[in-house]
Structure formats: structure tokens, C-alpha cells
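The primary structure of each chain is shown beneath.
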Amino acid sequence: MNISSHRRTRDRVVTVLTYAAMVFVLLLPFALFVGLAVKSDLLFREHSLGDLLFSSVWRPSSGEFGFKPFIVGSVYVTLLAMLISCPICLLSAIHITQYAPTRVAKVVTTAIDILAGIPSVVYGVWGMVGVVPFVGKIAGWCGIQSNGYSILAGGIVLSIMVVPFILNILMEIYRTIPRELTEVSLSLGATRWETIRDVLNRKALPGILAAFGFGFARAFGETMAVLMVVGNVVKIPEGLFDPGYPLPALIANSFGELGSIPEIESALMFAALILLVVVLIFNATLRWLIIKAERY
Amino acid sequence: MESNMNQGKEGRNIERPFAEGESIIRVDGLNLHAGKTHILKNINVEIPKNKLTVILGPSGCGKTTLLKCMNRLTDLTPDIKVSGNIYIGEQPVFGSKTDIVALRRKMGLLSQRPFPLPMNIYNNIAYGLKLRGKYTRAELNELVEYYLRQVNLWDEVKDRLRSPAVRLSIGQQQRLCLARGLAVNPDIILADEPTSALDPVSSEAIEKQFAALSKDYTLVMVTHVLRQARRIADYVIFMYLGEVIEMRPAQEFFDDPREEQTKKYLAGAFN
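Protein chains in written order, with this note's numbering: chain B, 6 to 301; chain Z, 1128 to 1398.
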């Protein structure tokens, strides 16, 4: 068969285009990283990396930039959110895909899609009027002084926000496991739960890890809703009812008023860099775990 | 239901071309609806102990569904309605008092494609053993070897028992699945076109296994490969559009089909 030169050219052009698009996507994280690193350079002229990460003193006006309270705040809120949402997502994904009748599963899936589409500021407002007073009351019952704006409130609101994302992935994972695997395990005399625990979860493990990792990355960077309920006090939180100040909230709150001062701008760029690096490291670790889990 | 062993609910004769005491599975007036589709229509048939019975018929005739009713894997499909019953020995399969886990343990299952459990080779066999009872490590080792030898797989895998089962070739995987099923010590082996995904050499290995196993086990095998049925079946159940058309000893079935539909099917498939 003779291919006309016109078709051959078109073939080549498409190949080059797809290649260029791929390279562009690959370069994005590097571009982000380099941009942020260059902008934070000013900060490094006067401070060491150790000081920046481990000092708790945050006094931008006198040139002291300790990011520890923000890092700790971010980690606490995110971990709390994951602790709440991961078990809920895992159990409900199992129920929806393994036990629920088709009709119920469809309704739930629709509800989750709606949840995923709600803007984050709406979760924030709902958190302020619903979750914050509730957390304040619980603190009262426990004999702790708190107005409710706290790590716990942030964790709760954040956990609800990441549920649709994690759950959607998990349901997809469980749905793609061939039904025959369940049949095999049942026919060997396993109960439904033993089958889920020993066979399906084992098979789903790489996907479960990926879903949790995706949830973590989203939660770690979530800004608006958390900022509205977490209290924003620069202090290392000592308990669930203490207020905190996560990194994204710091950037969002400070950029408008203080961003014009070069050193503070540089500090905020560094905060963004920390966010980026944490998410990158977390994803890389997870990728490694997923590859290990994918052997079976 | 116990009133007359030879009469089904609508007065139709139960298909049982062998002596009464030899049956192990009795399908009694079984009907199955999935949504609005009537998939199995008043099935009355008995399956003899320690023989190889083949369920034969064109695709979509309900063969696999009938097979999956026998260990109630139909539970996994929502919106299914079943009436009538199947008895394994004296135990009804459908019924709220049935201990379905214990009943399923009596029946090994071999599916169309091999589905190794997401574990290593060793644990694929040990999984069922551990569900069956408590064993020491030494006992487990011994049993795993025993069942792998039963399917002639031991020599091929003994040096890599800890590697994932999915790394085996598809023919080896299917033999592993057979060994896994045998390891729970079932009375019955249900096989759903167990060679359809295999190459000719692996198919032959499985067929030979089946022929040998039918001395000690009751085998029920779904297939649409006539040649295969002819080679290994003791009895043939012929199904068409959700009904059992006839059940006969294999030789008679192929040499002297009784029903019109059977004749047509055999002729069509051979031409």
C-alpha cells in the first residue's frame, strides 16, 4: 500500500503535537518548583533552612520567620481529616459496591457527585455556622475553654470536603475487581466479610493507597474552608480544641496586605514551596508503595 | 416437594437416567427470573455421584446460571428471584436456614478464565485450607504440596511458591485454581467452561485431570464444545432457551439423540 505524502505529513504532525503536549505537562511541576525556589531566595540570604523550618517565632516585622507553627498546624488538620474520612470512605465504598442494591448505589453516586461540585467557600460558611459552635459546645462539656475555631473544626470540615474525592476513586477501584474473584473465595468456604477482607481489599490495595494519597494532597492544600474555621492563631496547637494556622491559610491571609514587602513576599513563596515539596514527597512515597502492592 | 421423586411440580418427569440412589444433586422445579427475564424455566434434573456430567447447550441458554445456582453464587446478583430448589444430598441450597458457607465448601468452582487470588502460589492453596481448619505450618506445607502434585503443578512451581500466582502461565493458573478448589476437600466440582481460555495443550491437561477426578468427585461441567463433551462426559444435560431438553448417558446422547432440538443442535454444530 502506498501512503500519500499528505497523510504521512499529517501523521508526523500529530506525533509531534502529542509529544510536545506531554513534555509541557511534564515540565509544569518543575516550572512551579523553580519559580517558587527563585522567589524564596531572598529569605535564604539571612536565614538557614533549619531555622525556617524548626523555629516557632513568627515576627515578620522584625525579620523572624519560623514556619513550625504553620507546618504543624497543616499536618494536624490534614491528618485529622484523613483519620476521619479514610475509614468512612473505605467502609462506604465497600458497602456501596458489595452490598447495596443497584438503585441505592446510583442514588449515592449522584449525591457524591453533587458533594464534589460544591465550592469550598460554601463548606467554610457551613463550617462556621454549624461545626464551629458544635465544637465549642463539646469543648465546654470537656471543661475546655474554646470558641470552637480550632484544629478539630478544621479537621471535620476538611474531612467532609475530601470524602467525595476519595470515595469516588475507591468505588471505581472496587467496581473494577472481577466478580469471579468474589465467587472463587465464596466457593472456597469464605464468608462475605472474609472475602472482602482477605481477597478484595488485597486486590484493591494499590488503588486504596492511591485514593488516600489523592485525598491527602487535596486536604493538605485546601485553603478557603479551613481558613474560615481553624482560628488562624500563630501558635503550635497543643490539643484538638486549640486554634491553628495552616500554611495555605497563611498565604491567603497575608498575601494581600503584606505581599508588597519583599522579604515577606519571599517568605510566603517559601510557604508555598513547603506545600509543594510535601505533596511531591508524599506522592513519590505513595507511588513506591503502590508499585510494591501491585505485585499480585 | 418430597412427595414424588420422579414428578416435578408441573407433573413433568425429572430427568434421571440412572438408579435413584446414585444422585447427589437434585434440581427440583427450579425457576429463575432476573428482572423481567425468565432465565431458568422449571428445571427438574438429577446429577449422579462421582460421574462427570456435562451441561451442554448454545450460549445464553442458562447453563452457567444453573451451575451458579448450585452453590448459590446467584446471591451476588441483585434483582434475582428464584423459586423451586436444589438439594445437595438432603440439604436445600435455597432457604433461610441453609448454612450456605458450609454448603459452598462442599463444591469446588473452576471458572472460565483462571482467577488466582491476589496472593502468592502457596497461599492460593493455603487460603482455603485455613478456612477449613487449623493446621500447623508443617501440615500446611505438606497439604499444599499434595494438592499441587494432584494437578501436576508441583514440579513446575516448587522453587517459586512465594512468587505471585499471577506470574504463572494461564494454563498453570487454571491448574492452580483446580488445586485450590480440591484443597477444601469438596464432594463436587463445578466447572464453567474451564478450558475456554486455554491453549490446546493446557486444555488437554485439564481434561485429563477431570477424567481422573471423576472417580472420586462429582463433576459438573458447563461447555459448548461438543467434542470435549464427547471425549469426557459420562452424562449430558442438554439445555435450550432456559429449559432442560434431555439428560442422557453421553454415548446415547451423541449416537441416538431423542429430542428434535437436540438433533438439530448436534447436526448444526457438526456441520
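Bear in mind the hints are in silico, worked out from the structure with no lab data behind them. Check the hints yourself; a few may be wrong.
Stated by the list, open to error - In the DSS-like style, the derived pairs of lysine-lysine whose C-alpha atoms are separated by at most 25 Å in a straight line are:
no., chain 1, residue 1, chain 2, residue 2
1, Z, Lys-1261, B, Lys-111
2, Z, Lys-1233, B, Lys-111
3, Z, Lys-1208, Z, Lys-1163
4, B, Lys-240, B, Lys-142
5, Z, Lys-1285, B, Lys-297
6, Z, Lys-1163, Z, Lys-1178
7, Z, Lys-1257, Z, Lys-1285
8, Z, Lys-1208, Z, Lys-1224
9, Z, Lys-1285, Z, Lys-1261
A quick look at each hint next to the structure:
A C-alpha spacing of about 42 Å is found between Lys-1261/Z and Lys-111/B, which places the hinted pair above 25 Å, so the restraint is violated. A C-alpha spacing of about 36 Å is found between Lys-1233/Z and Lys-111/B, which places the hinted pair above 25 Å, so the restraint is violated. With a C-alpha separation of about 10 Å, the suggested pairing of Lys-1208/Z with Lys-1163/Z holds against the 25 Å cut-off. As the CA atoms of Lys-240/B and Lys-142/B are separated by approximately 22 Å, the hinted pair is consistent with the 25 Å bound.
Taking the CA atoms of Lys-1285/Z and Lys-297/B, the gap is near 23 Å; set against the 25 Å cutoff, the hint holds. Annotation: proposed proximity of Lys-1163/Z to Lys-1178/Z is violated, straight-line Cα distance about 35 Å (limit 25 Å). A threshold of 25 Å between alpha carbons decides the hint, and for Lys-1257/Z with Lys-1285/Z the separation of about 20 Å falls inside it, so the pair holds. A C-alpha spacing of about 18 Å is found between Lys-1208/Z and Lys-1224/Z, which places the hinted pair at or below 25 Å, so the restraint holds.
Straight-line distance between C-alpha atoms of Lys-1285/Z and Lys-1261/Z comes to about 23 Å, which keeps the hinted pair within the 25 Å bound.
The earlier numbered hints that this structure contradicts are 1, 2 and 6.
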